[in-house]
Each structure stands twice: as C-alpha cells, then as structure tokens.
Amino acid sequence: MFATTELNVRNSRRQALVQILFMLMTAVLILPVLIILATLIHKGGPAISFEFLFSEPTNGMTAGGIFPALVGTVWLVAVALLVSVPLGVAAAIYLSEFAPQNWFTRIINLAIINLAGVPSIVHALFGVGAFVLFFGFGTSILAASLTLAIMTLPVVIVATRESLQAVPLAFREACWNMGATRWQTIRRVVLPNAVSGILTGVILEVARTTGEPAPIMFTGAAFFLPFLPESVFDQTMALSLHLFVISTQVPGVPDELPYGVALVLIAMVLVMNPLSIAFRMYLRGKKKW
Amino acid sequence: MADDTRPLSVVARPTTDEIDRRNLDWYIDKVVQAVVFICGISAIVFVIGIFVFVTAEGFGFLVDTFDFAEFFGSPRWKPTSEYRTTYGILALIAGTASVTGLAMLVAIPFSLGAAIYIAEFATGKTRETLKVLVELLAAVPSVVWGFIGLTIMNPLIIKTFDVPVGLNVLNAGIILGLMAAPIMTSIAEDALKAVPDRYREAAEAMGATRWQLVFKVVLPAAKNGLLGAVLLGVGRGFGETMAVLMASGHSINLPDSIFDSVRALTATIAAELGETAVGSDHYRALFTIGIFLFIITFIINLTADLIVRGIRKG
Amino acid sequence: MAVDAGAPMRLAPGAETARPKVEVRNLAISYDGTPALVGVNLEIYENEIFGIIGPANSGKTSFLKALNRMDMFNAAMQVSGEINFDGRDIRQWRNVYALRGRIGVVFPLPVGLPMTVYDNVALSPRLSGQTNKAELNDIVERCLRRAALWDEVKDRLNSLGSLLSGGQQQRLTIARALSQEPDLLMLDEFSIAVDPVTTMRIEDVLKELRNEMTIILVTNLTQQARRLADRTAFFLTGSCVEIGETEALFTGQVEDSRTADYIAGRFG
Numbered sequence: 023m024f025a026t027t028e029l030n031v032r033n034s035r036r037q038a039l040v041q042i043l044f045m046l047m048t049a050v051l052i053l054p055v056l057i058i059l060a061t062l063i064h065k066g067g068p069a070i071s072f073e074f075l076f077s078e079p080t081n082g083m084t085a086g087g088i089f090p091a092l093v094g095t096v097w098l099v100a101v102a103l104l105v106s107v108p109l110g111v112a113a114a115i116y117l118s119e120f121a122p123q124n125w126f127t128r129i130i131n132l133a134i135i136n137l138a139g140v141p142s143i144v145h146a147l148f149g150v151g152a153f154v155l156f157f158g159f160g161t162s163i164l165a166a167s168l169t170l171a172i173m174t175l176p177v178v179i180v181a182t183r184e185s186l187q188a189v190p191l192a193f194r195e196a197c198w199n200m201g202a203t204r205w206q207t208i209r210r211v212v213l214p215n216a217v218s219g220i221l222t223g224v225i226l227e228v229a230r231t232t233g234e235p236a237p238i239m240f241t242g243a244a245f246f247l248p249f250l251p252e253s254v255f256d257q258t259m260a261l262s263l264h265l266f267v268i269s270t271q272v273p274g275v276p277d278e279l280p281y282g283v284a285l286v287l288i289a290m291v292l293v294m295n296p297l298s299i300a301f302r303m304y305l306r307g308k309k310k311w
Numbered sequence: 025m026a027d028d029t030r031p032l033s034v035v036a037r038p039t040t041d042e043i044d045r046r047n048l049d050w051y052i053d054k055v056v057q058a059v060v061f062i063c064g065i066s067a068i069v070f071v072i073g074i075f076v077f078v079t080a081e082g083f084g085f086l087v088d089t090f091d092f093a094e095f096f097g098s099p100r101w102k103p104t105s106e107y108r109t110t111y112g113i114l115a116l117i118a119g120t121a122s123v124t125g126l127a128m129l130v131a132i133p134f135s136l137g138a139a140i141y142i143a144e145f146a147t148g149k150t151r152e153t154l155k156v157l158v159e160l161l162a163a164v165p166s167v168v169w170g171f172i173g174l175t176i177m178n179p180l181i182i183k184t185f186d187v188p189v190g191l192n193v194l195n196a197g198i199i200l201g202l203m204a205a206p207i208m209t210s211i212a213e214d215a216l217k218a219v220p221d222r223y224r225e226a227a228e229a230m231g232a233t234r235w236q237l238v239f240k241v242v243l244p245a246a247k248n249g250l251l252g253a254v255l256l257g258v259g260r261g262f263g264e265t266m267a268v269l270m271a272s273g274h275s276i277n278l279p280d281s282i283f284d285s286v287r288a289l290t291a292t293i294a295a296e297l298g299e300t301a302v303g304s305d306h307y308r309a310l311f312t313i314g315i316f317l318f319i320i321t322f323i324i325n326l327t328a329d330l331i332v333r334g335i336r337k338g
Numbered sequence: 223m224a225v226d227a228g229a230p231m232r233l234a235p236g237a238e239t240a241r242p243k244v245e246v247r248n249l250a251i252s253y254d255g256t257p258a259l260v261g262v263n264l265e266i267y268e269n270e271i272f273g274i275i276g277p278a279n280s281g282k283t284s285f286l287k288a289l290n291r292m293d294m295f296n297a298a299m300q301v302s303g304e305i306n307f308d309g310r311d312i313r314q315w316r317n318v319y320a321l322r323g324r325i326g327v328v329f330p331l332p333v334g335l336p337m338t339v340y341d342n343v344a345l346s347p348r349l350s351g352q353t354n355k356a357e358l359n360d361i362v363e364r365c366l367r368r369a370a371l372w373d374e375v376k377d378r379l380n381s382l383g384s385l386l387s388g389g390q391q392q393r394l395t396i397a398r399a400l401s402q403e404p405d406l407l408m409l410d411e412f413s414i415a416v417d418p419v420t421t422m423r424i425e426d427v428l429k430e431l432r433n434e435m436t437i438i439l440v441t442n443l444t445q446q447a448r449r450l451a452d453r454t455a456f457f458l459t460g461s462c463v464e465i466g467e468t469e470a471l472f473t474g475q476v477e478d479s480r481t482a483d484y485i486a487g488r489f490g
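Chains as they are written, first to last, in the working numbering: chain A, 23 to 311; chain B, 25 to 338; chain C, 223 to 490.
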C-alpha cells in the first residue's frame, strides 16, 4: 500500500534488533535455571532410589536416606496448611465480599503486603518468641508449622481474593435477589467458582513452606533425629533444613547425597506447579461464563 | 406453552409476622460475618504480633547494652569475644547492602527486559510458556538456590576469575538476583499490562513502531509500577536468609571488591541463634537485628505499595 | 387491538378490602448525592399488574432496587422516605432476606447462574430448606413451564444455565423468580432479550399469574403496559409524573400533557 521508504526500513530493522535484545534478556533469565536443573538431575539422579527415599540417614548423616526428613516435611506442610488455608480463605472472603472501601480495609491490605515482605528469619524470631516461649509449645511441629502458616498466609489470601473478585457481581446480585443471605450466596455461587484460585494459592504455599528452612530451624526442625514424629508436639527433621545441614555443617558427605536431596526438593515444587497450572487450564476450559 | 396453570402456592399465605422472622440462616450469616471479619484482621494482628514479640525478646538488649554509635558504627560483631564483646553491625549492613545491590544490578535489567518482552512482544504460545517458566523460577526453594551457590557457582567463580574463594559478594549477588528476578518480572509485567490499550492504539495510529511505542509510551506510563516491582525485589533480596548464608561465605568483612566474602544481617541471625542461651545478651542482640530488619522491610514495602497504588488511582 | 379480552376481570383499585401490598411515601433515591428519583408516592394493590413506563434514566430501575433493598449492597445508593411491604416498612424488617425471598425480580440483563439449568431453578427452594427430590423436580418443571422454557431445556437440564442463549437465560431468570413463589414479582424490561413470540407467551403467563401475586411491570414498550397493566405510572427524569388507570391514560385522560406526549410517542 505504501512505498517502502528508507525510514521505514531503518525503523523495522531497529525494531527487529530491539525485539531480539529483549528476547535474549529473557533467555538469560531462564537459561541458567535450565542448566542448573540439568545439573541437579545429572548429579542427584543416581542418588535417588527407593532406599534413599525410605530409609534413615546413617553414619552421622553421611550415608543412608531421607525418610524422616521427608515425613517431617509432610507433617510441617500439612499442619501449616490446616491453619493457614481456612484462615486465609476466610480473610479473603472478608476482603472480597464484606470489607467496605475505607481506611481500615486499606490498613488490612497494607498489613498483608507487609506480612508477605517480612524476612523469613524475622518470622523465625517471632516463632521463637511467640510460639516456642510465650505460648509454651516448645520446639515442636506445632510451633514451626504456625510460624510457616503465618509466613505464607498472604499467599493464600491474595490468591483467593483475586479469584473471588473474578466472579462477576451479577451472579451475587441474582442470588441476593432471591433472598439468599450473603453467606448462602458465597457458599453456593461464589466459592464454587473460585476453587482454582484457592488451589493456586495453596500450591504456592506448599512450595514456599517446603523449601524454606529459616522459619523452622529454631522453632521445630531438628538437625538430626532418626525417629518419625508422633504428634505435633514432637520435633522433626525437614528436607529443607536437611539439605542445609548436610551441605554446610557435616564434613565428609558424598556429593550425590545433597544433590539427591536438592533434586527431591525441587521435584516436589516443580511437580506441584505444573499440576496447578494444568488444573487451572482444565478449569478454564470448563469456564462457566 | 404455559399449560400448567396450577397455582404456585396452595396453602394460605402466611402473615407478615410469620415471614419476617430471624431464622437459622439469618443467624448463620451473622456468625459468618463476625468470623470472617476476625480472620480478615488477622494480618494486622500478626504484623503487630511480630513487632511486639521480636521487640519483647530484644528489649533487654536495647535497654542495657545497646549503644547506638557502636551498633550502627562499628564493623566489629564479636558477641562471643572473651575479652570484650562488641555488637557492631556495620559490616553486616555492608554485607547485606553489597549483596542486595549486586543482585539488583543483575535482576533489574533482565527482569524488566523479560517483562517487556513477555508483555509487549511475545504472543500466543510463546507468551504463555514464558509466563509458566517464570512462575516455575519463582518457586525454586531458597535453600536449593543456596545449594547451587555452594556447589555450582563456587567452583565456577574460582575457575573463571582465578580467586581463592568462590563464596563471596559475586556469588550471593548472582544467586539473589536470579531469585528476585522472576517475582520482579511478573510484577513488572502486570504494571505493563495495566497500561490502557488506548495509549498503544493512539501511538500506533500516529505511526509509531513497536519499540517507539514501548519506550515512549508504555514505559513512561508504567514507570510507577515498575519502580514498585524494583522495590519489592530489593525487599526480597534484603530479607533473603538461607541462600545468602550459603553463598556469601559468611565472614565478617567490609567488602573491597565483589570477590570478598561477606556476612548478611539475616544470615547472622540464622547462623547464631541456635548457639545462644535464651535471654543472653547475644540472643537479645540477634533479636535487635530482627527489629532493625523488620523496620527496614516495613518501610520498603510501604513505599512500594504507595508508589504502585499511586498509579492505580491516577 | 383487543386489550386483555380473555383476562380475568380487573379489580378496581381502591375497591380491595385488603390494604395495599406496597405503599410508597416520599421516596427519594440518590447515588453519591446525585438524585435519581424524588418525591414518589404511590400504592400497589394485591393481585394487580402495576405498569411503570418512562424513558431511560427516569428512575424506574432504581425504584425496583429500592423496593428490594438492593441499596444494602451499594454504598453509593441512598434511599429516603418510606416503603411499606405488607404493611411494614421494609427498613423495619427484622430479616431482610425473608423480605427479598417474597419478592421475585427479573432485570433486563439476564443472568444465568454458573450452575446447571436444574440447579438454577432449584436454588431458591433449596435455600429455604427444601431437599425432597420429588418436590424439587416438580417445582423445577412447573416454573420452567410457566416461563415458557421447559420444552427447550427439558432434555438438557444438566447443562450450564450461564451458557444458554440470551433469550433462554431471560426465561430462566423468570423461572428462577417464580421458584421463590413470590408475593410480588417485579419485571424490568424483560422483553429486551426475548423475541416477540416468546414475549407474547410470557405476557400470557403474567396475566395468569395475576391471580396469585402482585406484579410490577417496568417496560419501555408503552403498548406492553397497555396490554397488561391495570394501572400505570409514568416516570420522567427522576419523578413520578402521573399514575392512573391504564385505559384512561391511553385514551387521553391525563392530567399532565407530558404523559400524553410520551404515550403518543412524541418523545422518549
């Protein structure tokens, strides 16, 4: 339609150049991680075996498996979820469905952002001061999980709130018009359509709690404890702390052991995420409006 | 066709008093409102709780031992010295600052570049894939990052730069940069997406090319959001504990170069709290560092939020 | 056109022994201080179809929202004055949800809830505690039939209500309102999303329903008001200009010339 001018050629060339530059920047961000992942699989892969996953560490943690740490991580994550999911979902319901637009709600939102920004080690200090000492839970799964739960609460709240707000107001109004109470409306119309968002939040939380040793190292996780926990008042080993310990604190650990633990950790997280993404896409495919 | 003409209701209509009665559902609704309100304010309670409990544990130090000039002015952190214990966190601040600063040098250009690419250039499948990858990156656990610094970056730095120690500012900075970048990328991408399409359309109608559009229209319009993303990245780097502990070398130093080992504020707490007796000066001093960390991140996050919200209103 | 030839005999307003179903005194509605409706006084009697006509932005929809106490959900909407429903000020109701349960509403934009067609219609009975499967089946079929939708959806009661066509969703909304077994049914320009044939079918249903409930019919089609309404109110730019017997209004017995102009189609 238009004649190609000198200017146009130069512009389109520059455009191609800029685009390639940004593409390279994106690649620089992503490539190292792929390389790292490959290295972990390469070096840690041979360590992974049924025995590795299901036996205790032996020989001063320089041999054996990771079973107590694996079980401990499941305990910690499960108890943390039990606390933070109901609390976070309820808080998100308040913020999305009830909170008026005023200064007080603003303060709640600021508190959530700040809670998310507090360094994990400060959460650990809080856990020690509040749960271990003040409430007298001692160093236990309970104290550690509560610390984790508070640390990850903002993740659940934000993800849930977003998915609640994505449900159109018209659905709520239609339901209110029929004489449904606010809670009936939330339970029958809003929540069922927000499940995917809540799930995303939960999975992000699991990833965060699984891989963060700082908040649990003084509140409930032990360096070495070859027993399985029996109640929430026991201490336990945890995978994240185990990786830290055997890679920095214990001399003479064969290389493939920490690589194996790192691979298990990253696998747990990386398997979780695609699951959530796949689940979200499945739900999006079934989009109801 | 409406062939069923039976009346909807055959019983006699109830009186107003019979209808207008508070039933179980009414009370459940009230209870739910109260419960979710309490849960809603829990975030405030926890933030205050963190401040109160951390301060309570560190309070003794602040009252008895704390010396402002020494605490912030001295590079000597010697809480277990047999001759004279000194509690100076200057070197720790320098460690945190140098590592965070380098991390931002790494993370800011690349995460903003990636955000621009994803938001403005990539389309369809590429875009979705990149977003998923960035999300995956953000989920890599911090202890795994630390482990990577320890086992992969460490020998790499020693070999490449021919230095005796590979656990240093450079190592921790790169690790931290890679950690912070995905979060910054997704926040920055949100900020770019928040720029209304009519700006883009107007610029395109005037014959602007894509890159002109990005630099002259989209970036200026999104600058507050991007600044917010950077600030949150700083907050993240500043507060990161395990990765820094493992990758920085953890030795007290006022760094001269990026090949010096340093020690971060957060890492100090993580490394030493386990060895202190509850209530000792050392223990309280670590909590005092915690108060300092809390206040700094509070300010960073507040500022980031004010900046980001500023644009949403405008 | 023969108006309401086969419809039940009209009850002359004022001749009822019962008190008014709805009684409005000095009603004023504003949004963030901008008035939308001012100084409305009217009564609506049991078992009548009360038409409200008027051009856009005359406050018709706001009137319905105030009746249903939807101002509770919109901080910007302020309502003053008095609205009595069954002789009790709606702001004095102890259980506002029970009040809304007695009032069925159909708004111009149909909303199929994101659940199955069956669940859409069964929702209201379920909310009030009905769990009997046979009863629910009965209610669902009856309401769908009355809303002239049964034949089209009887084979796919388990498909999503929000994925029906616009016209079907509108009838689904009507069926849902009927499933409340309301005393008062409020329809706001229901025919916007519905084709003319279906509109006529629904109009027939409304004539039957008059035996069982009170109906407020907000419409932008003046002829629809003429076909259905016993009495009609004319709203214009936020006030109620005139209320009268529909036949009287449409045969020129008006007090305000604007009413005649609007009905004759000279503006609006």
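Note that these hints are calculated values from the structure, not bench results. Model, not experiment: these values are computed from the prediction. Don't take each hint at face value.
Here are the simulated distance ranges between beta carbons [claimed, not checked]:
id, chain 1, residue 1, chain 2, residue 2, range
1, C, Asp-377, A, Val-50, 44 to 50 angstroms
2, B, Val-55, A, Ala-188, 40 to 46 angstroms
3, C, Arg-313, A, Glu-252, 56 to 62 angstroms
4, B, Thr-40, A, Arg-302, 45 to 51 angstroms
5, B, Arg-333, C, Ser-387, 53 to 59 angstroms
6, A, Asp-277, B, Ala-93, 44 to 50 angstroms
Restricting the straight-line Cα-Cα distance to at most 30 angstroms, the calculated cross-link-like pairs of lysine-lysine (DSBU-like) are [as the list claims (entries may be wrong)]:
id, chain 1, residue 1, chain 2, residue 2
7, B, Lys-149, B, Lys-240
8, B, Lys-149, B, Lys-247
9, B, Lys-155, B, Lys-102
10, A, Lys-65, B, Lys-247
11, C, Lys-429, C, Lys-376
12, A, Lys-65, B, Lys-183
Glycine residues also receive a C-beta, built at the ideal position from the N, C-alpha and C atoms.
Legend entry - 30 angstroms Cα cutoff - pair B/Lys-155, B/Lys-102: 46 angstroms, violated
Inset, instruction - May I ask you to test the hint 44 to 50 angstroms on the CB atoms belonging to C/Asp-377 and A/Val-50? - result: Distance hint for C/Asp-377, A/Val-50 is violated at roughly 57 angstroms.
Legend entry - B/Arg-333 paired with C/Ser-387, Cβ distance criterion 53 to 59 angstroms: This hint is violated: roughly 41 angstroms between Cβ atoms.
Legend entry - Pair hint outcome, B/Lys-149 versus B/Lys-240 [Cα-Cα no greater than 30 angstroms]: 27 angstroms, holds
Inset, instruction - Given the hint of 40 to 46 angstroms, check if B/Val-55 and A/Ala-188 actually sit that far apart at their C-beta atoms. - result: Given a distance of about 27 angstroms, which is not inside 40 to 46 angstroms, the answer is violated.
Inset, instruction - With a cut-off of 30 angstroms on the C-alpha distance, tell me whether C/Lys-429 and C/Lys-376 pass. - result: Since the Cα atoms of C/Lys-429 and C/Lys-376 sit roughly 24 angstroms apart, the hinted pair holds (cutoff 30 angstroms).
Inset, instruction - Would you mind confirming whether the straight-line C-alpha gap from A/Lys-65 to B/Lys-247 stays at or under 30 angstroms? - result: Violated. A/Lys-65 to B/Lys-247 sits at ~43 angstroms, over the 30 angstroms cutoff.
Inset, instruction - Measure nothing beyond the straight line between the CA atoms of B/Lys-149 and B/Lys-247; if it is 30 angstroms or shorter, mark the hint as holding. - result: Roughly 27 angstroms separates the two Cα atoms, so the pair holds.
Legend entry - Restraint status (C-alpha distance of A/Lys-65 to B/Lys-183 at most 30 angstroms): 20 angstroms, holds
Legend entry - Outcome for the supplied range 45 to 51 angstroms, where the beta carbon pair is B/Thr-40 and A/Arg-302: Given range 45 to 51 angstroms: holds, Cβ gap about 48 angstroms.
Inset, instruction - Given the hint of 44 to 50 angstroms, check if A/Asp-277 and B/Ala-93 actually sit that far apart at their C-beta atoms. - result: Cβ of A/Asp-277 to Cβ of B/Ala-93: about 47 angstroms, so the range 44 to 50 angstroms holds.
Inset, instruction - Indicate whether the distance between the beta carbons of C/Arg-313 and A/Glu-252 respects the range 56 to 62 angstroms. - result: 58 angstroms, holds
Violated hints, listed in ascending order, are 1, 2, 5, 9 and 10; each of the other numbered hints is respected by the structure.
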